[in-house]
Amino acid sequence: MFLSELTRRDLLKTFAFGAATFSASSLKTQSTLADFVSQKDKTVGELHDGSNANPVKLLAEGQIVRPQLSLPKISETDVLVVGGGPAGCCAAIAAARLGLKTTLVERYGHFGGLATGGLVVHILGHWTREGDKKVQVTQGLGEEMMKRLEGLPNGIVNREFGRNPTLDAETYKYLLVEMITEANVEVFLHSWAIDAIVDDAPDSTTGNPVVRGAVIQTKLGPQAILAKQTIDTTGDGDVFVPAGATHTQRLYNIGLPYRIGNLDRAKPQEGQKPPRHLGDVTPVPGVRWVNMTGPSLDGVDVKTLSKLELSHRKQIWKQIQEVRNTPGYEEVFLMETAPQIGVRITRVIEGEETLTLENAKAGKKYDDCVGIGGAWHGDHLGWQIPYRSLVPRNVENIITAGRSLSAEPLMSDVVRVIPNCWVSGHAAGVAAALAAKDGVIARNVSIPDVQKALLDQKAYLG
Amino acid sequence: MDNEKKLNSSNVRRRQIVKAVIWSVRFGIFSIIIAAFLGSVSVVSRATVHLSPLLFLSGTFQNSETQSSSNASGLIGAITTSAASLIILLCLLKKRFFCRFVCPLGLCVDVAANIRRKTFRTRFGRYGLVFSHRRFFAFFSFFWFCSTAPLLFFPEVASPISAFAFDPMAILSQTLNSLPKATPLLLIFLICFLISPYFWRFQFCPCGAVQELLYLPKTFVQKSLKHIKKERLHEEKTQSSIASRRNFWAMVGILSLSPTIAVSIKKRGLSLKKFFFRPPGVTRESEFLAKCARCGRCVKACPNEILTLVNFSNGVNSSSEESVSPKGELANLSLLDKAILVGTPIVDFARGAQFCEKDCDVCSQACPTGAIFLADIADKKVKSIGIAKFEMEHCMLYYEQECSICRRECPYGAIDLVWLEEEYLELPTIDENICVGCGRCVVTCPGEPIFLNDGEYVDPGATTRVRALSIVKKSQERIN
Ligand SMILES: Cc1cc2nc3c(=O)[nH]c(=O)nc-3n(C[C@H](O)[C@H](O)[C@H](O)COP(=O)(O)OP(=O)(O)OC[C@H]3O[C@@H](n4cnc5c(N)ncnc54)[C@H](O)[C@@H]3O)c2cc1C
Chain A
1 MFLSELTRRD
11 LLKTFAFGAA
21 TFSASSLKTQ
31 STLADFVSQK
41 DKTVGELHDG
51 SNANPVKLLA
61 EGQIVRPQLS
71 LPKISETDVL
81 VVGGGPAGCC
91 AAIAAARLGL
101 KTTLVERYGH
111 FGGLATGGLV
121 VHILGHWTRE
131 GDKKVQVTQG
141 LGEEMMKRLE
151 GLPNGIVNRE
161 FGRNPTLDAE
171 TYKYLLVEMI
181 TEANVEVFLH
191 SWAIDAIVDD
201 APDSTTGNPV
211 VRGAVIQTKL
221 GPQAILAKQT
231 IDTTGDGDVF
241 VPAGATHTQR
251 LYNIGLPYRI
261 GNLDRAKPQE
271 GQKPPRHLGD
281 VTPVPGVRWV
291 NMTGPSLDGV
301 DVKTLSKLEL
311 SHRKQIWKQI
321 QEVRNTPGYE
331 EVFLMETAPQ
341 IGVRITRVIE
351 GEETLTLENA
361 KAGKKYDDCV
371 GIGGAWHGDH
381 LGWQIPYRSL
391 VPRNVENIIT
401 AGRSLSAEPL
411 MSDVVRVIPN
421 CWVSGHAAGV
431 AAALAAKDGV
441 IARNVSIPDV
451 QKALLDQKAY
461 LG
Chain B
463 MDNEKKLNSS
473 NVRRRQIVKA
483 VIWSVRFGIF
493 SIIIAAFLGS
503 VSVVSRATVH
513 LSPLLFLSGT
523 FQNSETQSSS
533 NASGLIGAIT
543 TSAASLIILL
553 CLLKKRFFCR
563 FVCPLGLCVD
573 VAANIRRKTF
583 RTRFGRYGLV
593 FSHRRFFAFF
603 SFFWFCSTAP
613 LLFFPEVASP
623 ISAFAFDPMA
633 ILSQTLNSLP
643 KATPLLLIFL
653 ICFLISPYFW
663 RFQFCPCGAV
673 QELLYLPKTF
683 VQKSLKHIKK
693 ERLHEEKTQS
703 SIASRRNFWA
713 MVGILSLSPT
723 IAVSIKKRGL
733 SLKKFFFRPP
743 GVTRESEFLA
753 KCARCGRCVK
763 ACPNEILTLV
773 NFSNGVNSSS
783 EESVSPKGEL
793 ANLSLLDKAI
803 LVGTPIVDFA
813 RGAQFCEKDC
823 DVCSQACPTG
833 AIFLADIADK
843 KVKSIGIAKF
853 EMEHCMLYYE
863 QECSICRREC
873 PYGAIDLVWL
883 EEEYLELPTI
893 DENICVGCGR
903 CVVTCPGEPI
913 FLNDGEYVDP
923 GATTRVRALS
933 IVKKSQERIN
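Each protein sequence line maps, in turn, to chains A and B.
Just so we're aligned: 84 in my numbering is position 84 of the first sequence, and the numbers increase by one with no gaps anywhere.
Just so we're aligned: 652 in my numbering is position 190 of the second sequence, and the numbers increase by one with no gaps anywhere.
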């Protein structure tokens with residue numbers, strides 16, 4: 001193979017070149033595709049003799065080891081956001097809007113995480129009850145997104161006061177691209193974060209390890225992104241875990257949502273009870289999305305995920321046949337299954353403060369409140385999100401947001417819904433940006449400044 | 463501003479005048495009655511006694527002897543009869559007319575209470591020292607009254623322990639006749655007064671009971687009129703608690719009209735039991751029916767307003783149309799059953815979407831008779847309201863909706879989601895050893911989602927919902 005003939009120097013050069021082309025013209029800013037096209041047929045690197053490849057070794061004792069490798073740096077940034085789900089996108093947009101160089105890494109080719117690729121499109125819980133009134137506690141970027149979706153054809157449905165709306169996954173994917181490019185966020189798609197980069201020296205004040213960025217896996221091998229501040233919004237703690245942050249790993253329901261079509265062509269009899277697996281409405285006429293709870297299992301275990309994919313697909317097929325066998329519903333068909341399996345909760349950070357259901361119900365107040373979370377069906381009052389629940393106890397310069405926020409199990413269940421991820425993501429973005437700007441560790445960011453910046457960005461803090 | 467002040471002061475003046483008139487009328491009537499009692503002609507004093515609605519009615523309906531004796535004296539009889547009839551007529555229109563305007567003891571109580579309040583307020587508080595023992599006294603008085611009520615129909619055996627003797631007019635005439643004989647009566651009266659100045663009037667006085675009964679028809683008319691107007695919830699609550707006292711006396715009245723009902727309570731109670739969710743702290747229904755004073759205090763005390771009283775017209779004073787209470791079944795009860803159950807508290811989870819709070823036992827504390835009795839909070843587990851029941855077909859999860867509200871909201875952690883392979887679902891499962899039937903899951907369950915084909919989607923909880931969770935009686939309770 002040609003790679004085996006490469007010299008070590010050549011390899012490094014190759015990586016550096018790759019990095020240069022990437023950062024020069026990537027999806028960043030309003031760049032045109034013409035930049036890309038012009039590079040067609042160019043040779044990348046000179047001689048691919050593969051001599052300096054550095055494969056993983058199988059040792060005689062049966063141990064499998066990865067030899068040390070010096071990594072190419074693909075980017076250096078102020079705020080690195082890993083994971084482009086609802087939380088990550090809000091974080092990146094918020095940080096970039098504060099004028100900092102922001103980089104967003106996503107393993108798939110689109111943004112939105114479970115809300116798009118996971119086909120979870122029902123926006124639960126951005127309302128709470130305050131006395132007799134219903135209050136929308138999800139403001140700021142979340143509200144901006146919903147508002148902008150409203151302006152797009154078939155973007156969102158049921159957006160009415162006090163109701164939980166449903167968005168269209170594809171429209172939301174598009175909107176996120178629009179918002180992220182607008183905000184000048186540097187983007188790396190098809191990049192799996194596989195490691196954290198930690199400074200050789202611990203923080204002088206706390207003695208904790210300091211995160212300096214993350215390593216992403218690309219087709220060209222692992223590459224490094226250096227950052228002043230890192231936000232892990234992978235939902236699974238893919239960066240804070242290797243960084244050494246204490247966390248708990250949980251079993252939770254893993255399902256596989258899907259969409260069905262042709263519902264507008266269904267011809268049920270007068271008074272006929274519709275079949276069971278019709279799911280819920282989407283903004284697209286004739287199309288519905290069907291959620292799936294699934295069993296509670298380990299969402300970071302690849303064997304489990306593989307087994308579930310196989311099993312869920314059989315079940316979905318069965319459900320579709322059940323619908324199609326109902327008189328009047330013969331034309332219903334399976335449009336698509338979620339490209340991204342529905343993993344709800346896996347690894348949850350152990351923050352300086354842990355959210356508990358009891359505190360949430362009691363309406364506990366925090367000095368460092370950076371957002372208000374909502375309830376699913378207005379079933380209880382709003383609860384404050386303290387900044388400290390985003391901050392790990394024992395690692396510096398990495399914070400989290402979204403479903404991996406520090407919370408006890410029953411509280412994680414509330415934390416994880418999309419609007420609450422918007423809110424915590426927004427807060428994380430602002431906090432990391434200000435920490436990077438002020439040159440302080442994330443833990444010590446000025447809370448009044450964060451709160452002020454959030455309010456400037458129309459967030460709701462109660 | 464000035465106008466307002468003027469209006470206010472003129473209002474105050476008017477109220478003062480009305481007060482003065484009422485008091486002078488009361489004193490006038492008082493002196494006439496005392497004069498009549500003290501008058502040398504015993505016919506007059508004997509006739510005066512029958513101004514009491516209790517004695518008059520029981521005399522008219524039950525005891526021809528008393529009746530003839532008052533009739534025999536011609537003019538005096540005629541005057542007393544018409545005066546008593548007038549009083550009864552006024553009692554039908556004005557609540558406790560006799561108590562408020564005619565009753566000489568009532569006047570004494572009011573005057574004494576006024577003095578006591580002014581003198582002892584700081585030292586004894588409003589109810590005095592014995593207040594803490596009120597529960598015991600109410601308990602005692604109710605049993606005493608119930609057990610002697612039937613004696614009203616047999617005046618020949620009416621002894622000093624009979625409720626008959628505790629009519630205010632009877633007490634007064636007894637006192638004026640012979641003080642020593644009346645001493646026990648007066649002592650009891652005094653004790654009552656010490657407990658609370660109005661304890662006698664509202665808890666004890668049998669004549670008050672009859673007046674409450676007389677006022678019932680008007681309440682019903684008013685209530686049904688008000689029902690049409692659809693009052694607000696808290697108004698309804700006040701209404702229902704007022705009605706509860708009436709219901710209590712209605713109950714007492716019915717007891718006195720037919721002693722056989724009292725006998726059948728126990729038997730009926732058992733068969734009726736399945737309809738009700740009693741407040742926590744109730745174990746045996748028959749015992750509860752016997753102990754419950756129908757005073758409505760628990761209803762007033764319940765901070766979450768989940769208690770309501772069984773009433774005559776619609777079975778339950780439910781504020782909501784939702785089918786989480788056994789209202790429908792109650793409405794179909796026979797008159798006899800209703801008579802027994804009227805005024806007793808039941809749990810209605812539809813009231814204001816509330817539930818029985820975990821750390822609360824105020825109903826038990828408010829209960830004067832120990833009908834609702836919780837030794838402590840932990841006792842709620844033993845004397846539970848019922849138990850939650852889950853029906854898959856009404857569950858959000860069954861229709862592929864994201865939900866786990868019941869598990870999250872259960873204050874006792876009795877609900878978990880458990881994987882059912884054949885349904886390919888995780889569904890709520892209730893731990894029967896932990897659930898106390900507090901109803902939290904019932905009121906928070908968003909219920910069966912209403913999804914029309916592809917048209918309108920109705921947000922669960924927005925309209926009437928069929929919930930996946932309900933409270934049922936614990937199975938072992940159904941038996942005993
Ligand atoms: C089946 C199901 C049903 C749900 N139903 C609802 C509902 O009805 N309403 C509601 O509001 N919420 C619902 N939720 C919850 C909600 O969808 C998610 O909790 C929410 O989207 C989480 O947002 P997030 O940004 O924290 O994480 P995610 O949406 O998971 O986003 C994480 C992102 O990070 C990326 N990523 C992960 N690992 C890496 C890596 N190593 N490197 C690079 N990128 C990475 C992922 O590709 C993804 O884009 C449901 C969830 C599931 C699974």
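Hints listed in this document are in silico derivations from the structure and should not be mistaken for laboratory results.
A hint or two may mislead.
Said to hold, decoys possible - Incomplete in silico selection of chain B near chain A, CB under 10 Å:
1. C822
2. I839
3. A840
4. K843
5. V844
6. F852
7. Y861
8. S866
9. E871
10. Y874
11. T891
12. I892
13. E894
14. I896
In this text, all values refer to a predicted model and were calculated from it rather than measured experimentally.
Beta carbons are placed, not taken as given, at the ideal position from N, Cα and C, and that holds for glycine.
Check: Should the hint that I896 of chain B touches chain A count as held when the rule is a Cβ pair under 10 Å?
Finding: I896 of chain B check fails; min Cβ-Cβ to chain A is 15 Å, beyond 10 Å.
Item checked: Hint check, K843 of chain B versus chain A [nearest Cβ-Cβ separation less than 10 Å] -> The hint is violated - K843 of chain B has no Cβ within 10 Å of chain A, the shortest such distance being about 20 Å.
Next item on the list: Double-check E894 of chain B for me: the hint is only fine if its C-beta lies closer than 10 Å to a C-beta in chain A.
Entry: Because about 21 Å separates E894 of chain B from the closest Cβ in chain A, which is outside the 10 Å limit, the hint is violated.
Note to self: Tell me if the interface restraint on E871 of chain B is satisfied: Cβ within less than 10 Å of some Cβ in chain A.
What the structure shows: The hint holds - E871 of chain B has a Cβ within 10 Å of chain A, the shortest such distance being about 7 Å.
Margin query: Checking hints one by one. Is A840 of chain B an interface residue toward chain A, by the C-beta closer than 10 Å rule?
Written below: 19 Å, violated
Margin query: Under 10 Å is the threshold here; is the Cβ of I839 of chain B close enough to any Cβ of chain A for the hint to stand?
Written below: 17 Å, violated
Next item on the list: Answer holds if the nearest beta-carbon of chain A is closer than 10 Å to that of I892 of chain B; otherwise answer violated.
Entry: 16 Å, violated
Note to self: Min Cβ distance, T891 of chain B to chain A: is it shorter than 10 Å?
What the structure shows: 13 Å, violated
Next item on the list: Answer holds if the nearest beta-carbon of chain A is closer than 10 Å to that of S866 of chain B; otherwise answer violated.
Entry: 6 Å, holds
Check: When the nearest CB of chain A is found for Y874 of chain B, is that gap smaller than 10 Å?
Finding: Nearest chain A Cβ about 13 Å off; hint violated.
Notebook entry, point to check: Close enough to count: is the Cβ of F852 of chain B nearer than 10 Å to one in chain A?
Noted result: 15 Å, violated
Checklist line | Status of the Y861 of chain B interface restraint (C-beta, 10 Å, chain A) | finding: Where the cut-off is 10 Å and the nearest Cβ of chain A is about 7 Å from Y861 of chain B, the hint holds.
Against the hints set out earlier in the document, violations occur for numbers 1, 2, 3, 4, 5, 6, 10, 11, 12, 13 and 14.
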